[in-house]
Amino acid sequence: MAGGPSQAMLAELSSRPGRDTWLSSLLRWLLIGISLLFLAALLIAPLITVFATALSKGITAYLAAFHDPDTLSAIRLTLTTAAIVVPANTVFGLAAAWCIAKFEFRGKAFFTTLIDLPMAVSPVIAGLIYVLVFGLQGWFGGWLQDHNIAIIFALPGIIIATMFVTFPYVARELIPLMQQLGNDEEEAAITLGAGGWLTFFRVTLPKVRWGLIYGIILCNARAMGEFGAVSVVSGHIRGLTNTLPLHVEILYREYNTVGAFAVASLLTLLAVITLVIKTLVERRGYKGH
Amino acid sequence: MAARAAAGKVPLVEPSILPGFGLTFGFTTFFLSAIVLIPLAALVSMAASSHWDDFVHTVFSERALASYRLSFGASLVAASINLVFGFILAWTLVRYDFPGRKLIDALIDLPFALPTAVSGIALTTVFAQNGWLGHYLALGGIKVAYTWIGVTIALTLIGMPFMVRTVQPALAEVQSDLEDAAEILGASRFYVFRRIILPIVVPAMLTGFALAFARAVGEYGSVIFIAGNLPFKTEITPVLIVIHLEEYDYHGAAALGCVMLSISFLGLWAINHLQSWRRSRFAGAGR
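One line per chain: the protein sequences are L and C, in this order. In terms of my numbering, the first sequence is residues 1 to 289. In terms of my numbering, the second sequence is residues 1 to 287.
Next up, chain C with everything else stripped away, as it sits in the complex (with noise of 0.2 Å):
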């Protein structure tokens, strides 16, 4: 609050001895306008210019709803499992040193890394039914590849890195004389854990949870090959989006492109506002 009453008193450029900030915020400003800003505009008069009963019979229809609770539920599944072995990745990385650490640690960048179609083709081969992984789960009855199980493992593997570089800093942030302390004062090893370490870890396991959420939601490359794309089951929201460009409804594409640029405003939102929670505790909390 007291920064946006301040932000009011600041003159539009504070001056400085140094020179470009003409040049610099023309060609940034230009150059953002015409990549992002002038398009993501066209997407949305798009939308606004179809017929109300159109974007509601597109955005709504069974097909859609179908599409979204499978984006957003598969989403949500991957992301709570990056909560649960991305934290635990991110502790063994950080507390317990072991052979092949340092490889692993770099190996947890390869989702960043590696085209998205290529880890489709490669997490299907491995999970189809006749799969090294895909035919043990089969023996015991799961079907993975071309269900919604496949789309979750795919978005898994896509979330993962950011949880687990989210929580690792914070990680080793925890410092070391705060847990000595408490167990010096007979804090048992749960306690520590559950009143030192945790809440110094949470509220990055919450940004790390929001952004795999976020990157999952949009995901393509690497579920259409796991999913099967199958209308009504196995059919993310961006593949129903793929579909209405490919059959030249424009305004259904980009009604359904809208639905999902909401969300992901919403969920980059709620990441601005954690992080700045994170920072306020961290300051509260003193040195």
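Bound-form chain L, shown alone (with noise of 0.2 Å):
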């Protein structure tokens, strides 16, 4: 967890002079009361409304929507991006990782800023770039239309699209994990004679694994949750390019609540592993950055 009382700390202030007043405890029950209020509105109904809804006419109505060919295209269709994009991240991220943080050299700020850039970029945004690169009216759209290479409305326009949105995830966690943990292990190895691959396979790798591990599961639940980007170049052909999330939008503009809102608590489901993955890698000590 990013900073959640320590033991320690709770009894300390719970020792002070004058904490037990009515008013203070008071307070604290307000506090506490608005806070799981405001939370209540805003995340529990609507996590709670998606299963609800989906169950709503009946756990055969539920299952009956995973028979869909269209929903199982999807669900296809975003474990594959998935399978390339987060590979392709992590590669990347360590690289940059490892680039950034075991060498000093000019224009270092400048160098990360760059890699954290997607991160401040509206998704729609995203897609809409690699329209203007790939599209018909784009840069590569005459010469790709030529040769009978299609990227926009096809998967390696919702491939790119995803990488382009999940880019920084892993490198993010990677660089202050890297800086923070600093290079005489690796020093050592390499004085002693090992290689550079060597070095980084035994000495690097397992000193930032739960680093790599919390950055890889966050990307891959950004890459399968993608909505934004991927609806700019996916053109929506249903059985084809339909993702999961947007196959959700279809099923719902359909008025298909149930068929919308089953795919739907697949995703939920999706996230809240994720969060579980999460909270069991803070519990070794690791904290995300």
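The hints are simulated quantities; they were obtained by calculation from the structure and are not laboratory data. Bear in mind the structure is a predicted one, so any value in this text is a computation, not a measurement. Glycine is no exception: its CB is placed at the ideal position from the N, C-alpha and C atoms. Do not rely on the hints blindly, as some may be mistaken.
To be verified - On the chain L side, residues computed to face chain C include the following (Cβ under 8 Å): (1) Ala45; (2) Arg106; (3) Val131; (4) Val133.
To be verified - Quick list of the computed label-pair ranges, beta carbon to beta carbon: (5) L:Leu72 with C:Val13: 44 to 52 Å; (6) L:Ala188 with C:Gly186: 33 to 41 Å; (7) C:Leu65 with L:Thr60: 18 to 26 Å; (8) L:Pro206 with C:Ile142: 51 to 59 Å; (9) C:Leu230 with L:Thr257: 17 to 25 Å; (10) C:Ser33 with L:Leu72: 34 to 42 Å; (11) L:Trp143 with C:Leu103: 48 to 56 Å; (12) L:Leu269 with C:Leu137: 54 to 62 Å; (13) C:Pro199 with L:Trp143: 57 to 65 Å.
Hints are included, so try docking the two chains, each in its own frame, into the full complex.
So this is what it looks like as structure tokens:
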């Protein structure tokens, strides 16, 4: 957790003189109450709604949503996209972190800012830029059409748009972690005669493994759930270029409420699993950056 | 300033016995250029290559201006709501122990992990006029779904974790011996809060505000369902960009995209400055 209280701190706070007045306990319960109400309206009510609506016509109707061939192909497409994007961004994140954390070079701060750039860009713009590059009237549009290569409104477009959106996720976990852990062990390994790859796999990788897992699960959650960027480049062709989040939109717009929320419940489950893994990693003593 | 002056004397790459600089720097630069920089350059060049009159016409059209008002207005309101409730949440999670605290703490990150389309349809269902919360609000005459209030609620949900996760560590950093000392010297609880806790936490709150605002301005998935997307009324700027694209008006889409991109960079710049200001404040205070 980013900043939960330690038991010692809580005990220390409560032992202070004047802490157990009626005023302070009133304030305490008031603030806890406001917090819980705020979260209940904003977070818990929508969460319950997803499952309640998905199951509102019974379990058979719920399961029927997953027999729809379009849903199955959306699941396949989302898994395929994540299977390509997550490893690619993991390799990128490792390379970027090695380069930035292990070496001092001119322009490093600017270089790091550029890696974080996709975080600040609207998902719609992330999709838009690839349409401008690969779309019919874009930079390479004519050439691609002549050679019969489809990028926009096809799988490659979905993959690169997702890659853009999840680009910094692994790198931004690893860079501060590697900087904090320092280079001493790596330098010792190299001095003792280990090669670069051996040092990386036997010294660095074990050192940063929790941070790496943390970055990968967040990257994966965003890759599977991305909506805006993918929506712009996908073309929404049912059974072909429809990812799970886009499929939710189509079903919802067709007033197939049970179907939309059934698919949404699958994505919610993914989010909950992501949070559970994240919490487990944090229990190991790793704090996210 | 000192760092900038020293940077001139730094060699291009400082010598190190660790291998792999060329490989990793080259790979990172290649990937960064291919995925991020060249496509972003395409956006700027497409906008720059359109006629100036067309550019102005698109960027300052009545419809575009209405969309900025909604996008930026609702994002500001949402970030302000988060300023208050995010602080209360962070305070509750750091200072109090109560049953379910760990679960609540883990739930804070849900808007990060939950696909935006899911939060979009779920919020719309909850706040629709026949929804769980929507029908109580409708009794009071407040219509949420398909109005700017709905947009604001969706943006509040999206920005909430940014505020809480920025303020939480800052609150945890407040040294309790400072508070003890102040209280021993006779300061009231409110005085301690105002003079010791707030000065430490305010920079973090401003950073959280900027992060939540920046995220909200660009948000698409969770807004489009609850907004209804009526031109001039509930149409956010990203939706207008998509509409231009669907009409194959690439230049118009690129022009609006450039406006949003400039604002995002302005936000990024502000966040970086806030963070270095925070660092210098803490460095100046001394330990």
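The hints, checked one at a time:
no.: 1; hint: Ala45; verdict: holds (5 Å)
no.: 2; hint: Arg106; verdict: holds (6 Å)
no.: 3; hint: Val131; verdict: holds (6 Å)
no.: 4; hint: Val133; verdict: holds (5 Å)
no.: 5; hint: L:Leu72 with C:Val13: 44 to 52 Å; verdict: holds (51 Å)
no.: 6; hint: L:Ala188 with C:Gly186: 33 to 41 Å; verdict: violated (55 Å)
no.: 7; hint: C:Leu65 with L:Thr60: 18 to 26 Å; verdict: violated (50 Å)
no.: 8; hint: L:Pro206 with C:Ile142: 51 to 59 Å; verdict: holds (55 Å)
no.: 9; hint: C:Leu230 with L:Thr257: 17 to 25 Å; verdict: holds (22 Å)
no.: 10; hint: C:Ser33 with L:Leu72: 34 to 42 Å; verdict: holds (37 Å)
no.: 11; hint: L:Trp143 with C:Leu103: 48 to 56 Å; verdict: holds (54 Å)
no.: 12; hint: L:Leu269 with C:Leu137: 54 to 62 Å; verdict: violated (29 Å)
no.: 13; hint: C:Pro199 with L:Trp143: 57 to 65 Å; verdict: holds (59 Å)
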